[in-house]
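Colleague: Given chain A's structure and the hints, the job is docking chain B onto it.
There are 2 protein chains.
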Amino acid sequence: MKIYNESLTEMKKIVRRYTTQTTDLEVEKQVAQIVENVRAKGDDALKFYESKFDGVELDKLRIPDSQIEKAYQSISTDLKNALELAKRNIIAYHEMELQHGFVDAAQPGIIRGQKVTPLERVGLYVPGGTAAYPSTILMNALPAKIAGVDEIIMVTPPQKDGVAAAVLAAAKIAGVTAVYQVGGAQAIAALAYGTEAIPRVNKIVGPGNIFVATAKKQVFGQVAIDMVAGPSEIGILADQTANARQLAADLLSQAEHDKRARAILITNSKELADKVSKEVEKQLISLPRKEIAEVAIKERGFIAIMDSIADMFTLMNDVAPEHLEVQLTDPMQYLSSIRNAGSVFLGKYASEPLGDYVAGPNHVLPTGGTAKFSSPLGVYDFVKKTSFIQFSKAALKNDLKAITTLARTEGLEAHARAVESRFKGDEK
Amino acid sequence: MKIYNESLTEMKKIVRRYTTQTTDLEVEKQVAQIVENVRAKGDDALKFYESKFDGVELDKLRIPDSQIEKAYQSISTDLKNALELAKRNIIAYHEMELQHGFVDAAQPGIIRGQKVTPLERVGLYVPGGTAAYPSTILMNALPAKIAGVDEIIMVTPPQKDGVAAAVLAAAKIAGVTAVYQVGGAQAIAALAYGTEAIPRVNKIVGPGNIFVATAKKQVFGQVAIDMVAGPSEIGILADQTANARQLAADLLSQAEHDKRARAILITNSKELADKVSKEVEKQLISLPRKEIAEVAIKERGFIAIMDSIADMFTLMNDVAPEHLEVQLTDPMQYLSSIRNAGSVFLGKYASEPLGDYVAGPNHVLPTGGTAKFSSPLGVYDFVKKTSFIQFSKAALKNDLKAITTLARTEGLEAHARAVESRFKGDEK
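As given, the protein sequences belong to chains A and B, one line each in that order. End of the first sequence = 428 in the numbering used here, gap-free, step of one. End of the second sequence = 428 in the numbering used here, gap-free, step of one.
All clues given are correct.
Just the calculated beta-carbon pair ranges, DEER-fashion:
no., chain 1, residue 1, chain 2, residue 2, range
1, A, K52, B, A106, 48 to 58 Å
2, A, I14, B, E151, 19 to 29 Å
3, A, T329, B, A106, 18 to 28 Å
4, A, D274, B, L25, 48 to 58 Å
Just so you know, the hints here were simulated from the structure itself, not pulled from any lab data. Predicted, not measured: the structure shown is a model, and the values here were computed from it. Glycine included, each C-beta is placed from N, C-alpha and C at the ideal position.
Chain A on its own, in the form it takes in the complex (with noise of 0.2 Å):
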């Protein structure tokens, strides 16, 4: 692994140049004929596409709760087990994350507040083959849930032999309303402007790739959708007292998602840093998923020593990474001098995949950079809120000035004349 020794200002600069952002306008186009098909074909443009990219000729789209039933019943008791064990933590943890209303009548004739009020359907998007992944369903149907949304919509693309098992288990434990065996742009183009059989949703949220993630990005402003996911990335910050096996397996758990994964270690010693390095490349040889996870720490990983504590959290904040190790003694003081990460695992004993399925906080996680200003997927996410007021005839009185003074000023008559217009004799 590249083990950098520079300055921090040095650093910083390295840093940015791992940072990739790319669209491609071949995908754009092909997108756009999607959409704009399946807006104005509904149903025929989904088969005509599901035959010709899937290779799959579907008569029905929807899933029968029978086959999910079927699919529940077929899982074994260990994976039935994890996945009630992860829900009842990720339920446990989303419900904190609730929010509420308010209101304010402190003033005399005056009551201004706020109302939460859940989004009425969401579709969520789960990828087919080998990236079928049922700890993503918990993760984002249960906080849908928790919020009060009334029907959660899934869509996922039909496979030869049949969603796996798996999937539809998880759609049945995380309470989604119906599936639909649909993937790709058409899928998304169909849950944002509806067809004869998939009902048009409020919000999209779920990973995918290309091709669904400019689908999503179309699409956006006529529905609501997530963060689009960019590779998974893991920062640790570790000093000389941890254990260097076990930061190499963690730097590998998410070296081995994606050949851009990104998995960084930040640390003031240049023992550990030899060390990982060494591990690294140990534990690489026998990972089933070597051939991706040694791409992605050859092309985007590295190791930087950093002189001080201070200037290895300021680093990884640059950073902003979208999972955040803190393995230092006593690592929970150092919660202040996070500023920027996805979720943060404190400690020798929070690794990383801990998180990614049964701790509770959610593994929808602000990737590239965007944790500087966004949030791990919530139950805040799937809420809107609307402002209201209610005024006497006097608290107006109190305010008309004011009013008329600003709407004058910006040169808005109607708006000064609509209030006064509540002064101007009450008849009818």
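Modeller: Then chain B, alone, in the frame of chain A:
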């Protein structure tokens, strides 16, 4: 004003026809070039574009604090008082939006929680010319201040006679950190990528023309943006007890904003519908912005007569207006019937412009039906969340089987091994 007397189903279809969404490929291309140039050439590019588009040769981009102070001293006492009143109420309301982190330590050996962190630096776009609204500066900057944002960087197009005093005074009152005279797509690019003079921000808020809106969409991902605001909207729900003259005045207060503004009345009283329609025509005559308001009323405004109050709410929730007035008897009782709206004005004296200026709730609101999934601008837009966990060895051990089962089901062996590494000898 056009009056419809149709069934709810038919009316829902008609409402949908009024929705517009446009993208302009020519603008997209121009903006992409501007953004690229600013990224590459920094301040030089900004000065070039300001000379080209605004006809102003700029020496320095930043407006000196002394000039801002002078502007503040120059505005009338009435305006100063009005802005200060607005500020007090905006702060009082928005402080109720403050969010707190949480921590859960109920299970032995397990700590899990969420930390709320303000964004470091925010950019605020303020349009020039006649659309320069001091009230909007307060509405955008104050929630950021309350959230704890360190720096608020304001940009506004240079004016031949200098930036309007009311705008600079509002910037001072709102506690803006620095003001730069640069506008259009070039200003958005500067905020997103930084130049020699203008620091890079984490989020850009504030309204703007098509170039500004397109630039915001293009830099989205690099930085966060607020919603892209469409034309203003007002929806009024009223029965026969309402005052036609006041309703007409309120409809016109939004119609005067923009030729594409939308003013809608939904009522169960044919008599009221006729009266309001006539009142609108009458009041239009003497409006300074008659030319604008007339187009909005003719092309996008309408009155719909429904059979029942329930149907009135159903249709209005389908419209999801930016501003919703409820001019019914005992209006507060209907709060639970309102599902989709940006801001609600209850009763006769909650005339919409009251909310634009001094009531306290934000006037930056979701438009074009996006109230189905978006919220008013708020303190929550200027913070982000980070989850954290700390586990003891025993607690991790409890979850070990569930984690490894899920990891291996998903084909992620390195995930399983990372957690197992904690139990294979603890020597370094």
